Structure formats: C-alpha cells, structure tokens
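Undergrad: Chains as they are written, first to last, in my numbering: chain A, 61 to 406; chain B, 217 to 543.
Calculated directly from the structure, the hints in this document are not laboratory data. Just so it is clear, the structure is predicted and the values come from calculations on it, not from any experiment. For glycine and all other residues, C-beta sits at the position ideal for the given N, C-alpha and C. One or more of the hints may lead you astray.
Said to hold, decoys possible - Quick look at which bits of chain B chain A covers, simulated, 3 or more residues with Cβ under 8 Å:
hint : stretch
1    : 400 to 406
2    : 428 to 436
3    : 479 to 490
Claimed, not checked - No farther apart than 20 Å at their CA atoms in a straight line, the calculated lysine to any residue pairs in the SDA-like style are these:
hint : chain 1 : residue 1 : chain 2 : residue 2
4    : B       : 462       : A       : 128
5    : B       : 462       : B       : 532
6    : A       : 97        : A       : 128
7    : B       : 269       : B       : 227
8    : B       : 462       : A       : 258
9    : A       : 220       : B       : 487
10   : A       : 220       : A       : 266
11   : B       : 269       : B       : 230
12   : A       : 220       : A       : 181
13   : B       : 462       : A       : 287
14   : B       : 462       : B       : 493
15   : B       : 462       : A       : 85
16   : B       : 462       : B       : 520
17   : A       : 97        : A       : 85
18   : B       : 462       : B       : 409
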Amino acid sequence: MTQQRSAAGRRAGTPLLSVEDLHVSFGTEDGLVQAVKGVSLTLAPGEILALCGESGSGKSVTAMSVPRLLPPTARVSGAVRLDGRDLVQLNASELRALRGSDVSVVFQEPMTSLNPSFTVGFQITEVLHRHEKLSRRAARARAVELLELVGIPDPAGRLKEYPHQLSGGMRQRVMIAIAVACEPRILIADEPTTALDVTIQAGVLDVFRSLRDRLGTAIVLITHDLGVVADIADRVAVMYAGRIVEQAEVTELFARPLHPYTRGLLGALPSAARLDGTQRRRLREIPGMVPAPYSDPDECPFAPRCPIAADDCTASRPSLDRQGDGDGHLAACFHPGLSTVEAVDA
Amino acid sequence: MPDLLTVTDLVKHYPSGRGRTVHAVDGVSLSIGPGEVLGLVGESGSGKSTVGKCILRLTEPTSGRIVFDGTDVTHLSRRGMRPLRRDVHIVFQDPYSSLNPRFSIGQIVAEPLRQHGIASGRAATEKVCEMLERVGLRAQMRHRYPHELSGGQRQRVGLARALVCEPKLVVADEPVSALDVSVQASVLNLLTDLQRDMGFSCLFITHDLSVVEFLADRIAVMYLGTVVESGPREQIFTDPQHPYTKALLSAAPVPDPAAQRGRRRVVLSGDVPSPLTPPSGCRFHTRCPVAVDRCATVVPSLTPVRAPDHPVACHLVTEDSVPTLAQ
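Take the sequences, apply the hints, and build the full model.
TA: Here you go:
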C-alpha cells in the first residue's frame with residue numbers, strides 16, 4: 061500500500077478519526093477533576109499526530125478516550141468518530157471488537173505491559189485468535205512475520221521466550237508487534253520510547269515510520285519529548301491544562317510557534333540555552349505552576365504564567381482559532397506570535 | 217591545583233547467583249578538579265550510577281582506588297568516612313522517594329547540620345531558611361511536608377539538603393530526569409547558579425546529552441561498565457572520536473524537524489549486551505559498525521591519542537584518523 065506522504069495531501073482527504081468537543085472528568089475525593097475540557101481534533105489515514113504537553117495536560121486521557129481505556133470513574137462527553145461511527149456510544153462488547161483490531165495501543169512501560177507468565181508467541185497469537193480467527197499454525201506464521209516487521213532478530217526463536225528474557229527495547233518491539241497484529245487503522249502510542257535508551261529509541265521510531273509507510277497506519281503519538289516530535293510527527297497538537305493550545309504541521313510549529321506556552325516549552329529545552337548579560341548559560345523558564353484541575357475560570361488558562369498576558373487574557377478564554385492564511389495553524393491566544401523573549405527581557 | 221577526586225581503575229562486581237557476576241563497573245578512571253562539573257553520560261546499565269555510589273561509599277568497591285581531597289577513601293571504615301561525608305553529598309533522581317515523608321522540609325534540610333554537629337537549634341533554623349531561599353523556596357516552606365510539594369519543589373529541597381553543609385563535591389544522579397521540561401529548566405538554571413556561587417565540584421550523572429551539554433565542563437561517556445571517551449565539553453560535541461559517542465550523539469533527536477530529518481543517523485544494531493557476560497575485547501564491538509577483528513580480542517585502553525585532555529578507548533582512533541560511521 062503506497063501512502064501519500066505529504067501531510068497536506070493527507071489532510072485534504074476525509075479524516076479517519078475525528079474527536080469533537082471531548083470532555084473527560086473524574087470524580088475524586090477532592091472534587092471533580094476536569095482532565096480534558098473540550099478537545100477537537102482529526103486524524104487522517106497514514107498520518108502521525110503528536111499530542112504533546114507536560115504531565116497532567118490531558119494528552120493521555122484524550123488519546124485513551126478513543127479506545128475508551130479510561131478508569132470506570134471517567135465521565136465522557138462529546139463525540140469520537142471513527143469512519144462516522146461514534147465510539148462514545150459503543151457498549152462493552154462493541155468496544156472489545158474495536159480494541160486491537162481497529163484501534164490499538166502501545167503503552168509506555170514495556171516491563172509491565174506484557175504478561176510475565178506467557179511466552180511472547182502466545183501473547184501475539186492470542187490477538188490473532190481473538191480478532192482474526194486464525195488457526196494455530198497460521199497465527200504462528202503471522203507472529204513470525206510480525207516480529208520480523210518490528211526488527212527482532214531470530215523471530216521464530218523469540219516466540220518461545222518469556223518477557224523477562226527480553227531487553228526493554230525488544231519488549232517494546234513485541235508490544236508494537238501485538239498492537240499491529242490485526243493491522244489496526246489507528247495506533248495510539250503513549251510515550252512509547254520514554255523508558256528506552258536513545259540508541260534503542262531511534263530504532264523503535266523507525267519501526268513506527270515503516271508501519272505507517274507499509275501498512276498506512278495512522279498514529280497518535282503521545283510524548284513530552286520535542287526531539288521525538290521533530291523526528292517523526294506530521295502534525296502536532298500542544299496541550300495545556302486539558303485543552304489544545306496550539307496545533308500545526310510539524311515544521312510550521314517549530315519554525316513559527318505562536319502560543320506563548322509552546323514558545324516557552326521550546327525555550328526551556330537545554331539545547332536552547334543562551335548566554336545572559338553576565339555570560340552565564342541560561343535556560344528560559346516558565347514561571348509558576350499548572351493550574352489545579354478542579355476549577356476552570358473563564359480566562360486564558362496560561363495567563364497566570366504568561367510573560368505577555370494582558371487585561372483581555374483574564375477577561376475571557378481565547379478559543380483555538382485559525383492563524384495566518386489558512387495553512388492549518390491553530391492557536392488559542394489573544395496575542396499569538398508576540399515575542400515572549402522580548403517581553404521577558406524588557 | 218590537585219584534583220579534588222581521583223578514581224583509578226574502579227571495579228564493582230555484584231554476585232548474581234549460580235556463581236555468576238554482574239560486571240557493573242570494570243576499570244573506570246576519572247578525576248574532578250575543584251569547582252569542575254564532570255558529566256558522566258551513559259545509557260541504562262552502563263554503570264554510571266554505580267560509579268557515583270562507589271564514590272560516596274554507598275556500595276563497597278570491589279577493587280580500585282578512590283582518593284577524595286587527598287584521602288584514600290576506598291576502604292575507609294564507616295567511622296573513618298564520617299568526617300568526609302560533610303564534604304560529599306548526593307542529589308537523587310526521584311524527588312518522591314528521596315525525602316522522608318514523616319520529616320518536615322525544615323527537618324530534612326537541617327538533618328546534615330545535626331549529623332555533623334555544624335549547627336543546632338536557632339542557628340540551624342537560620343541556616344535552613346537561608347538555604348531554602350537560595351534554592352528559590354520561601355523560608356516558610358520549612359513547616360511543610362514533602363507530600364505538599366510539587367516535583368520541582370521537592371528537587372529543590374533535595375538540593376538544599378545536599379548543599380547546606382557547603383560540600384566540596386556533589387554527586388547528582390539524574391536530578392532532573394523525573395521533571396517536566398519547564399521545571400527541569402528552572403532546576404538546571406538553579407544548579408548552575410549555585411555551582412558558580414558556591415564553587416563546589418559536581419559529578420553529574422545523566423543519560424541526557426543535552427543536559428550535560430548545558431552544564432558540564434568535561435564529559436565522560438560510559439558504555440557497559442567502562443569509560444570509552446572523555447574530554448572537554450566542546451570537544452566531545454564537536455569532535456567525538458569513539459564510535460559509541462558518535463552513535464549516541466547522532467541518536468539523540470534534536471528539536472528541529474528540518475535538521476532532525478536531514479541528519480545522518482547511526483542506528484546501532486542489537487541491544488546492549490548483558491553485564492553478566494560482557495563481550496571480550498572492546499565491549500562495544502558487538503554493536504560497532506566499524507569493528508575489525510582486533511576489537512573482539514584486544515581490550516582498548518583509554519589513552520589520549522589526538523589531544524592530551526581527550527582520551528579515547530578505541531583501536532581505530534589514531535593520530536591521523538578517526539573512524540567515520542557511514543550509513
């Protein structure tokens with residue numbers, strides 16, 4: 061299957077997945093935690109969308125709402141449409157059919173996501189039995205192919221091994237093999253390389269790229285690592301306090317970040333260090349802390365930490381609007397693109 | 217000036233049942249000058265944290281020599297170590313488990329002062345308040361407990377505890393790895409400021425190259441229990457010589473899509489071998505894209521080849537050539 065590789069080309073088609081005004085909240089002892097507050101996004105076939113943001117920004121909850129892998133206390137509203145079908149309305153058995161076949165997940169922790177008491181082969185073929193109704197022999201042959209696809213040497217030998225016999229990078233590859241066993245149309249990867257060393261990470265990212273190129277899998281990549289985003293994503297959505305604050309095609313976002321939060325994140329990277337007046341190497345800091353998730357005042361949620369916040373920022377909340385001349389760059393800011401560096405240094 | 221810390225041929229082997237041995241650290245030599253920041257870089261299992269633990273004598277070295285401030289501390293008794301502990305402190309990675317949840321922040325920061333009999337009572341409180349303010353926390357914070365603090369605040373408390381005795385050496389083991397990038401930036405800025413102002417030496421242990429590039433004066437790169445290359449920061453980043461250093465630098469993604477996608481990346485085949493059975497010869501030869509026969513049999517020594525302050529352990533680095541990793 062050949063893929064239209066340009067992001068713009070892919071966006072032109074109808075979306076495979078669309079999330080509309082998603083709200084997710086959890087009842088806790090301390091009150092209602094609003095984890096996701098009105099997120100809308102789309103995913104085209106074969107597209108790699110990065111959801112990035114810091115801890116507690118709602119990126120994982122947003123992505124896990126698609127296969128609805130959320131705690132039972134979660135209250136979900138809004139729509140999650142896959143080919144026009146609203147996944148929020150599905151019952152338990154419909155969801156089971158969906159998970160693993162249309163939508164699959166690769167979790168962060170390769171050490172705990174595999175069952176230690178079963179062989180790698182058993183865990184891969186289980187998915188194939190469940191969804192594809194393959195015979196034992198056919199499933200085994202397919203499992204060997206899958207391990208080959210994710211770059212595991214001696215795949216036939218590995219099938220008999222248990223997870224503890226594999227390194228972290230190999231386990232993560234097995235997780236990916238399981239996730240793509242039924243050729244899902246959407247793969248959700250939650251910090252898939254965070255627990256891995258950089259030399260291993262490069263190989264795992266190559267696996268994602270080749271899955272997209274060969275099978276046309278659309279990927280939602282949840283990550284806090286902007287290096288990984290720069291490496292693999294077609295489009296990026298930056299989340300802050302339960303909302304998308306900026307969204308753009310990847311080169312556009314890094315070249316022209318418009319939201320002060322995105323600019324702050326990029327400036328805080330150690331590689332962005334610059335010398336200050338006393339010739340000390342400094343990193344740009346984002347002062348303050350993420351707002352508590354219990355309340356949601358009608359103001360820009362980033363305003364208390366924003367170096368360019370003005371009166372209008374606390375008077376109402378900016379919506380995620382198209383910026384510039386229609387190249388799909390969205391930002392939720394009343395003063396997009398105003399240089400935070402100048403504001404800070406002034 | 218003589219080095220503050222010299223580690224010579226440090227070996228740490230852990231028994232691992234059935235007569236097997238984990239070769240965590242196998243012959244590491246390094247030194248840190250007064251006021252110098254040495255970045256010790258390596259991936260998981262490279263032995264970088266074990267080196268730090270041996271220096272602090274939190275684990276017993278198998279062999280080798282550790283000289284701190286003129287004293288051989290390799291086999292010093294617990295009692296003998298005690299006065300030196302005033303001068304060497306550690307900051308741990310996990311800001312959640314490294315603070316006692318039953319102690320108030322004030323007690324945590326005052327504990328080293330109490331242990332070493334430096335200050336007590338009102339004098340200790342004064343020092344604690346001053347230290348908390350130096351790390352960017354309000355003095356009133358001393359009445360709070362760890363669970364009331366964010367990760368970044370806790371890491372500042374960890375720094376305050378390590379620095380309150382004004383040590384000569386701070387071992388920082390992945391102190392910012394558990395923090396979000398914006399919080400990480402403020403802790404890194406703080407650490408460099410304090411280091412400049414207080415003048416302590418620092419062994420900064422990390423897997424993150426961009427962090428050592430930001431704050432280290434010198435860098436030592438570890439692979440599977442050995443140092444493969446060390447040198448001044450700029451030299452390691454602009455003129456890496458060991459194939460592993462080159463691979464590590466090329467594998468770390470840069471946050472710039474155009475640059476990142478245009479880069480030539482060296483993807484290493486295979487996994488890091490088990491430290492139970494480290495490869496013969498050069499430990500990197502099983503994954504090295506340019507290894508020759510000799511690499512599998514002869515252990516390369518860490519020697520200066522092209523510059524006196526930039527030793528490298530590779531047979532293929534000679535005075536007039538450095539291996540290139542073509543992809």
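Undergrad: Would you mind marking each hint as holding or not holding in the structure?
TA: Here's how the hints hold up against the structure:
no. : hint            : in the structure
1   : 400 to 406      : holds (count 5)
2   : 428 to 436      : holds (count 3)
3   : 479 to 490      : holds (count 6)
4   : 462/B <-> 128/A : violated (42 Å)
5   : 462/B <-> 532/B : holds (13 Å)
6   : 97/A <-> 128/A  : holds (16 Å)
7   : 269/B <-> 227/B : holds (12 Å)
8   : 462/B <-> 258/A : holds (12 Å)
9   : 220/A <-> 487/B : holds (19 Å)
10  : 220/A <-> 266/A : violated (25 Å)
11  : 269/B <-> 230/B : holds (13 Å)
12  : 220/A <-> 181/A : holds (6 Å)
13  : 462/B <-> 287/A : holds (18 Å)
14  : 462/B <-> 493/B : violated (24 Å)
15  : 462/B <-> 85/A  : violated (46 Å)
16  : 462/B <-> 520/B : holds (17 Å)
17  : 97/A <-> 85/A   : holds (8 Å)
18  : 462/B <-> 409/B : violated (30 Å)
Hint compliance for this structure: hints 4, 10, 14, 15 and 18 are broken, all remaining hints hold.
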